[in-house]
Amino acid sequence: MSYLAVEHLGLQFGGLTAIRGLSFTVEQGEVFAIIGPNGAGKTSVFNVITRVFEPSAGRVTLRDREITAIPRHRIAEAGIARTFQNIELFESATVIDNLLLGRHRFSHGNPLAQALRLPSACRAEDHSRGKVEEIIDLLDISPYRNSPVAGLPYGVRKVVEIARALATEPELLLLDEPASGLNPEETRDLAFWIDDIKNDLGITIVMVEHDMSLVAEVADRVLCMNMGGVLALGSPEEVRAHPDVVAAYLGV
Amino acid sequence: MRFPYNTSYRDAQKLLRYRADWLAYGLLAAVLIAAPWILPRYYVGEATYIFIMCVASLGLMVVTGFTGQISFGHAAFVAIGAYTHTLLLTAGVPFIVSIILAGVFTGLIGLLVGLPAIRVSGLHLAMVTMAFAIIVEQIVGRWKSVTGGFTGIPVPPPRIFGFDLGAQKPFYFLCLAVLLAVLAALVNLLRGHAGRAFVGVRDSEAAALSLGIWIAGYKVLAFSISAGITGIAGALFAHHVQFVTPEGFSLLLSLELVIMVMIGGLGSLRGAVFGAVFISLLPTAISAMKPFLPDRVAGQFGLETFVFGLVLALFILFEPMGLNGRWLKLKSLFSAFPLYRKDTFRRGKTYMKSERYR
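Heads up: the protein sequence lines correspond to chains S and Y, in order. Each residue of the first sequence is one higher than the one before, starting from 25 at the first, in this note's numbering. Each residue of the second sequence is one higher than the one before, starting from 2 at the first, in this note's numbering.
Be aware that one or more of the hints could be misleading.
Short, incomplete list of chain S residues facing chain Y, as computed with Cβ under 10 Å [unchecked claim]:
{"no.": "1", "residue": "Glu101"}
{"no.": "2", "residue": "Thr107"}
{"no.": "3", "residue": "Ile120"}
{"no.": "4", "residue": "Asp121"}
{"no.": "5", "residue": "Asn122"}
{"no.": "6", "residue": "Leu124"}
{"no.": "7", "residue": "Leu125"}
{"no.": "8", "residue": "Leu140"}
{"no.": "9", "residue": "Arg141"}
{"no.": "10", "residue": "Ala145"}
{"no.": "11", "residue": "Ala148"}
{"no.": "12", "residue": "Asp150"}
{"no.": "13", "residue": "Glu185"}
{"no.": "14", "residue": "Arg188"}
{"no.": "15", "residue": "Thr192"}
Pairwise CB distance ranges (calculated) [stated by the list, open to error]:
{"no.": "16", "chain 1": "S", "residue 1": "Gly63", "chain 2": "Y", "residue 2": "Arg11", "range": "46 to 54 Å"}
{"no.": "17", "chain 1": "S", "residue 1": "Ser171", "chain 2": "Y", "residue 2": "Ile97", "range": "42 to 50 Å"}
{"no.": "18", "chain 1": "S", "residue 1": "Glu157", "chain 2": "Y", "residue 2": "Tyr26", "range": "24 to 32 Å"}
{"no.": "19", "chain 1": "Y", "residue 1": "His125", "chain 2": "S", "residue 2": "Leu140", "range": "30 to 38 Å"}
{"no.": "20", "chain 1": "Y", "residue 1": "Ala21", "chain 2": "S", "residue 2": "Glu157", "range": "22 to 30 Å"}
{"no.": "21", "chain 1": "S", "residue 1": "Arg169", "chain 2": "Y", "residue 2": "Leu16", "range": "15 to 23 Å"}
{"no.": "22", "chain 1": "Y", "residue 1": "Pro171", "chain 2": "S", "residue 2": "Pro167", "range": "48 to 56 Å"}
{"no.": "23", "chain 1": "Y", "residue 1": "Pro339", "chain 2": "S", "residue 2": "Arg169", "range": "25 to 33 Å"}
{"no.": "24", "chain 1": "S", "residue 1": "Asn170", "chain 2": "Y", "residue 2": "Ile287", "range": "35 to 43 Å"}
{"no.": "25", "chain 1": "Y", "residue 1": "Tyr26", "chain 2": "S", "residue 2": "Asn207", "range": "42 to 50 Å"}
{"no.": "26", "chain 1": "S", "residue 1": "Glu157", "chain 2": "Y", "residue 2": "Phe335", "range": "24 to 32 Å"}
{"no.": "27", "chain 1": "Y", "residue 1": "Thr8", "chain 2": "S", "residue 2": "Leu162", "range": "17 to 25 Å"}
{"no.": "28", "chain 1": "Y", "residue 1": "Phe319", "chain 2": "S", "residue 2": "His234", "range": "40 to 48 Å"}
Some residues of chain Y that are not near chain S, with every Cβ distance over 12 Å (derived) [to be verified]:
{"no.": "29", "residue": "Trp38"}
{"no.": "30", "residue": "Pro41"}
{"no.": "31", "residue": "Arg42"}
{"no.": "32", "residue": "Gly46"}
{"no.": "33", "residue": "Ile161"}
{"no.": "34", "residue": "Val179"}
Hints were generated in silico from the structure; no laboratory data involved. C-beta atoms are modelled at their ideal positions from N, C-alpha and C, and glycine is treated no differently.
The following block holds chain Y by itself, in its conformation from the complex (with noise of 0.2 Å):
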């Protein structure tokens, strides 16, 4: 058993304390690092993936899991960055330019639609940003000039100083970049200053407000930072599927990014990285499954859909705190053993709390 044994402020502040953690994160950007030389092609460009859908799964957890503040809209998020980011390539914008300002014109929209969220919250701000969504899909269905309709429009290769970072193992490294850019600045963002007053206003609006948190100002800035980074993860699925089409943000990834921060763990970074992975591989070892399963389920349609459903019912019953509430308790179990109480992690009684001072 650990106990932390801190001798100035700053040791609080450290996120990797221990020789442990060392090891843990080196071995893990050392596998990260060397995955592309061991892994066969078709696994790479899925890492690849996963990357991307971590990066967008960590904008939704702002939103969602800081503030409490649901979004079935988050595809149209992914769609105005990848738009936009392939209309400035194809206009000349460098890169690294071009997917600045595709975060930041995205958060800008963010912020548009987080003014609704200021005054409705819960299922009403479901609707709202699922409505967002489905007009968005239209827009750019529809708006042929610009966006070429539903053929689409093909995505230049993404080139950083003249070097062509398209090919597959380049790929790879870009996209594992910003996803630690991304994490880090969330990391830091989340656990100072800001991220408390998000969690603030999730946990009560009264007390947030007495102790001077404008909990407008905070509502719509966690959408515009949500909505910017779910931006920058729409940039970089451009360059993944090569070309733009309305389909690929449909619904029903706004659905998928929704069942990975719940599925990874509400309010957690570590949760939402976790949740993404589980998600985008769940496809691959469905179908790597499927020789084992009886032909009459292999063959049924939908059972993909079916599998979400079911690992996402699954785990609310028996798992709310999600994949990173698994792994706190495993952790808890291993540091604690052979002293781990059953109990250590059920909720305490919630003592009555007052709905007057919404």
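Next up, chain S with everything else stripped away, as it sits in the complex (with noise of 0.2 Å):
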């Protein structure tokens, strides 16, 4: 079996369609690429995968288990993590603090032992430091660790949001369009940490992505989306010179 498998999926929201019959496998270890026009669907498919819609059809499954069936706060528990595509971070709060709070799926010690800053309690927020700091030293942010995210320019936020799905220690990461708004230095930068992200750490990536220079350098197959189903599925040079892909991204 696949290692995340969506199959026939369908999910509506009245009489408007946004995903129609679905199907593809992801691959562990890959980073799996989906481009499509604006409402192609790509975000909802992350939205299902990430539990915040309710699919009409179909199913999810990551290694055998299905997705479809857990509540969207165990949705971390299942070793799944993503980004939005607005930044939802917690802007009153700190960088390190964000990243903290992407540990909420570890124990910290129970509420009475908290509550009396027990050494329990001490110990499990030291761990928690630590693990968040190796993340703070691979994305390259520690000038910001005890910024506000309120006060950061939007490039270090996306970086932020990174960082704080990579705290939940996933197994799979969903980036929703991780790129834009960043500049092209910013955009090599995040080439470098999504190989890093693969290869050092061992896990799967999907992302949702316009930038084409982006997907070609760091996808190893690419899904174009249109409509609500699959246009083409292959490498990336095999779906930029798909004919299908080029009449619909422009209009031909």
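Quick one: dock chain against chain with the hints and give me the complex.
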């Protein structure tokens, strides 16, 4: 069986069909990109996988475990982490607190031990801090460690959001337009980090992205969606050369 | 200017890191301990009342400041705490057990009131909690066999291990001790796992859910903790007034608590204390000012309410971060002097936020 399998997925909002009969599989350890014109249903796929939306048909399985049957707040426990198209950070909190929140699913001692700040709670806190510092190191955001997110530049926020997703120690990472709003230099850095996340941390990545140069550089396989279905699937070169993809993008 | 220099992760967890902190809080402790012997009798009573209000506003701060759920019903929790404590004491339950039970019972009621908070927020939640406060006030007023109705019931004096703490000075220290215990527990709870989750629930529900935070659970938990602490404040309040009647827990008390956390600065425990001190002292300050005001102003009916409203309006206009925000700004002004940037605390541009995932 495949690592992540999306089978005959359908998603309807009243009369509007966002996803129709979508099937694809993602192999463990690959970078899988989803591209497509606006409104193709790319983010909706993410939202179904992370249980924001209830699919009207089909199912999603991760390692043969049915994702579409677990509640939304248990998605992190299932090993799936995501970022959002329009950055959903905890604005008033500092970068370090945002990342520590990423480790919410790990125990930090019972509430009584926390209220009394018993040594066990302190140790749990230290352990989390250590793990978070590793991620800060990896993504190079140490200068911003203690700054509140509200005051940070857009590009840094994007990276902090990826860092927070990594703090949940996922095995599958969903990146929703990670390069949108980044300058070319930041996009280059992002390409290196995606490689690092894949190779060093062994995390499988599915990303929705419009920047074709980034997709061509990091993605192993590309899925092009249109009107909620599969238009083309294959290596970045194959998809880019596919006549249907050219037609969908250029409107020929 | 001071930069944090940590040599271990434990350093970053310390509350009082610098000698100046120890000095400042040590001085504050000394003043608080010496106060009953220095201040006139009337002001010792006032100070005790302030401590009680601090506990209540800390309770409200948990739910309003940290999880961002507004509650106009906290007077009801004060009432439930006060009556539970009084009834338990009258039934012969020892003080320490009684005050804890009052907190736990109020917390359970808070759990029930918190359930609608899963579904509604903002203005709607304000309405629900306000309705709850009105219902509780009515029940307390009508349930004569238990609460004594509008005539009220006397509160037995606080006794711990046979010592009567009802006199002014012992009661002052009792309230101070409870305040410190509540404050310490909250400081620890809110800078750790639970507190971060509360802030997560407030700032972005979509992100919180994706990180595995069970939003419904944390919203109700915040309500319950908040109610429990407010209930403890209610128990102390009962001793302060010595005779509990429904009038003591009107909607006005709820509003006062909300003003305390707003003026103090949402999202900070220090703010809750600042707000409680400021608002509790305001009536005293107004009456002290009266002789200096023209007769036509000083004699006006509702002068106090007017000043309350004015203060709240001014704060919302000019200092939305509240007294705590002002405090932080002053601190950074002194620590960065003369390099303070005028715009240090200006809110950065907020980027588009999607509402879709709610």
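Q) Is proline 41 of chain Y truly not at the interface, in the sense that its beta carbon sits beyond 12 Å from all beta carbons of chain S? A) 37 Å, holds
Q: Go through the hint on leucine 124 of chain S and say holds or violated, using the shortest Cβ distance to chain Y against 10 Å.
A: 6 Å, holds
Q) Is glycine 46 of chain Y truly not at the interface, in the sense that its beta carbon sits beyond 12 Å from all beta carbons of chain S? A) Holds, because the least Cβ-Cβ distance between glycine 46 of chain Y and chain S comes to about 31 Å, which exceeds 12 Å.
(Q) Looking only at beta-carbon atoms, does the pair proline 339 of chain Y, arginine 169 of chain S fall within the given range of 25 to 33 Å? (A) 27 Å, holds
Q.
A cut-off of 12 Å on Cβ-Cβ distance, and arginine 42 of chain Y was said to be off the interface with chain S. Does that hold?
A. 36 Å, holds
Q. Given alanine 148 of chain S was flagged as interface, is its beta-carbon under 10 Å from a beta-carbon of chain Y?
A. 8 Å, holds
Q.
Quick check on threonine 192 of chain S please, does its C-beta sit within 10 Å of some C-beta on chain Y?
A. 6 Å, holds
(Q) Tell me if the beta carbons of alanine 21 of chain Y and glutamate 157 of chain S are separated by a distance inside 22 to 30 Å. (A) 27 Å, holds
Q) How does the Cβ-Cβ distance of asparagine 170 of chain S and isoleucine 287 of chain Y compare with 35 to 43 Å: does it lie in that range? A) Hint holds: Cβ distance 41 Å, inside 35 to 43 Å.
Q. Can we keep the leucine 125 of chain S interface hint, with Cβ of chain Y closer than 10 Å?
A. Constraint on leucine 125 of chain S satisfied, holds at 5 Å.
Q | Outcome for the supplied range 42 to 50 Å, where the beta carbon pair is tyrosine 26 of chain Y and asparagine 207 of chain S | A | Taking Cβ atoms as reference, tyrosine 26 of chain Y and asparagine 207 of chain S lie about 46 Å apart, which means the hint holds.
Q: Find the nearest Cβ of chain S to the Cβ of valine 179 of chain Y and say whether that gap is larger than 12 Å.
A: The claim holds: valine 179 of chain Y sits with its nearest Cβ about 15 Å from chain S, beyond 12 Å.
Every hint from the earlier list agrees with this structure, and none is contradicted.
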